[in-house]
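**Student:** Put chain W on the given structure of chain P with help from the hints.
Protein chains in written order, with the numbering used here: chain P, 1 to 341; chain W, 342 to 551.
Simulated from the structure, these hints should not be mistaken for lab results.
Careful, some of the hints might be misleading.
What the hints assert, rightly or not - Capping the alpha-carbon separation at 25 Å, the derived lysine to any residue pairs in SDA-like fashion look like this:
1) W/K514 with P/T99
2) P/K144 with W/I520
3) P/K144 with W/D512
4) W/K514 with P/P143
5) P/K51 with W/P515
6) W/K514 with P/T163
7) W/K514 with P/I148
8) P/K300 with W/L521
9) P/K144 with W/I510
10) P/K144 with W/A513
11) P/K144 with W/L521
12) W/K542 with P/M74
13) P/K144 with W/I511
14) W/K357 with W/F387
15) W/K514 with P/L115
16) W/K514 with P/W149
What the hints assert, rightly or not - Just some of the chain P residues that point at chain W, by a computed CB distance under 8 Å:
17) F137
18) I140
19) S141
20) F142
In this text, all values refer to a predicted model and were calculated from it rather than measured experimentally.
Note that CB positions come from ideal geometry on N, CA and C, so glycine has one too.
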Amino acid sequence: METVRTPKEQQLIISASPHIRSEETTSRIMWSVSAALLPATIMAAYFFGPKAIFLIALTIVSAVAAEYAYQRAMNKEVTVCDGSAFLTGLLLGLNLPPTVPFYIPIVGSVVAIVLTKQLFGGLGFNVFNPALIGRAFLLISFPKLMTIWAEPTAQFVAMDAKTTATPLGIMKTEGLAKLMEVFGDKVSLYKSLAVGNVAGSLGETSAIAVLVGGIFLLIRGYISWHIPVSFLGSAAVLAWIFGGKGALFTGDPIMHLLSGGLMLGAFFMATDYVTSPSVKKGQLLFGVGCGFLTMLIRLKGGYPEGVMFAILIMNCFTPLIDRSFKSEVFGAVKVKKEAAK
Amino acid sequence: MAEATEEQVSYWELIKNGILKENTIFRLALSLCPAIAVTNNVKNGFFMGLAVVLVQVMVNFTISAMRKFIHQRIRLPIFMLVISGWVTIVNLVMDAAVPDVYREVGMYIQLIVAFASILARAEMFASKNRIVPSVFDGIGMGTGFFIALMIISAFRELIGKGQLWGFPIIDAKPLLILILPAGGFFAVGILMAAFNWVYAKYFSSGGHSH
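For reference, chain P alone in the conformation it holds in the complex (with noise of 0.2 Å):
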């Protein structure tokens, strides 16, 4: 900021405004979300074991070297301090199945952050989640890989990689009744959906761990309410009147709200500042897109699982929403048609 001071040198300062400042910085902000997600990776590790903090790592530091390398070779200023890779990493860590082979989160976080954010001009220019383009590149490069789902062993021990399908992909491809008779009653499937019990990708399976965070960052203001409430409403209402076999209402919205990447994404993803609508009402509109195209995805789809594509579709569309719901300049004032003849 150009000060300009008055010959006398007194404290009178000239300068832009804003005149207020927050504490908030970019970085202390970005930190906050990785704190968040601390309960979530903690549940990971006891479920899935010491390969799971191996993997999150990996992923993390791949993330911070690739923004790094990226930045010195470009001869720009290297900005990997203000945490926004490492989050990247994370997130991208607690998306992949617990059994990937190493090789499998470096490659989604070059192409997390060279690929999608530094290409696309750095931090606040990238038009897709990075983390999310990073898993979607590696769902589609390497299928099979990625959708090789383990049993969590709990208790921090190393897992003897019994392979399992996630609740949804029983829903799927066997149905209802399949998941009722391996979790018993709905009662212990709620139980093991909620804590975290179940295959699925490292940081998703635990919904009470991620919605921890999420009220954490809620109350911090960090994320307004907008796009988890309007997401996951969305997508209950739908899992309620689309989700059962045959009638209408008849679905387990449940079961549908916590299964899967559905909290993770609602919390995390969908509410990631450059990629989402900055209005408020654009937000509820996002929210919902998100929740239509997940529930799309997981009832007709080809794919058990659709948050991941629900966000990136919606992505698309938040420079269009902002603009159709863009506030109006604070005193302006309306001119009628025939004044301003």
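**Tutor:** Okay, now just chain W, sitting in the frame of chain P:
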């Protein structure tokens, strides 16, 4: 532009111009549709490139030979007629000679009619120059397109499928996405950046200001 210095420009310069400085795909960013659509294996890329070389050379030859009889006002329809004529010939020949390739790239062979680069060379070069330089210009532009397609398709087939021309080279499929349509955009973008980097570093002469 070459027409001003017709006599001085050597034929080798004309070919080099088409391959490097005015490379259809990597430098002019034209005809990207086939560059993405047909390049998921080297065989398709090879025949597509070959078809474009043939059409470009023959169109340049024909237009140059007719250039004194074409009235200025109706030159574009005439160019289009000549181009469609040659595309039809190449199309039928390929259908007869390499039917299995034609099944995959046939649609894009017909689309050569709408290639901006071919009409542009007819308008900018062939209609103003003698036959021999026009033919060499066609060879240069066609070869540039051909080489670009070969680079893109080799990159995509090798990394996407671990094969070249259908023969296994490496025993893995490193990045399956590259042979899918989405990977085509990645591949063309990355290779375009690489080509321009190499060009700027080793081939561009000092006073060139792009």
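**Student:** Could you run down the list of hints and mark each one as holding or not?
**Tutor:** Hints, one by one, checked against the model:
1. W/K514 with P/T99: The hint holds at about 19 Å.
2. P/K144 with W/I520: 16 Å, holds
3. P/K144 with W/D512: 16 Å, holds
4. W/K514 with P/P143: 11 Å, holds
5. P/K51 with W/P515: 23 Å, holds
6. W/K514 with P/T163: 23 Å, holds
7. W/K514 with P/I148: 18 Å, holds
8. P/K300 with W/L521: 23 Å, holds
9. P/K144 with W/I510: Holds - the C-alpha atoms of W/I510 and P/K144 are around 21 Å apart, at most 25 Å.
10. P/K144 with W/A513: The given pair, whose Cα atoms are some 13 Å apart, holds under the 25 Å limit.
11. P/K144 with W/L521: Distance of about 16 Å is within 25 Å: holds.
12. W/K542 with P/M74: 15 Å, holds
13. P/K144 with W/I511: With a Cα-Cα distance of about 19 Å, the restraint between P/K144 and W/I511 holds, given a limit of 25 Å.
14. W/K357 with W/F387: OK: W/K357 and W/F387 at ~20 Å, within 25 Å.
15. W/K514 with P/L115: 20 Å, holds
16. W/K514 with P/W149: 21 Å, holds
17. F137: 6 Å, holds
18. I140: Holds: closest Cβ of chain W sits about 5 Å from P/I140, inside 8 Å.
19. S141: 4 Å, holds
20. F142: Holds, because the Cβ-Cβ distance from P/F142 to chain W comes to roughly 7 Å (cut-off 8 Å).
Comparing the model with each numbered hint stated earlier shows that all of them hold.
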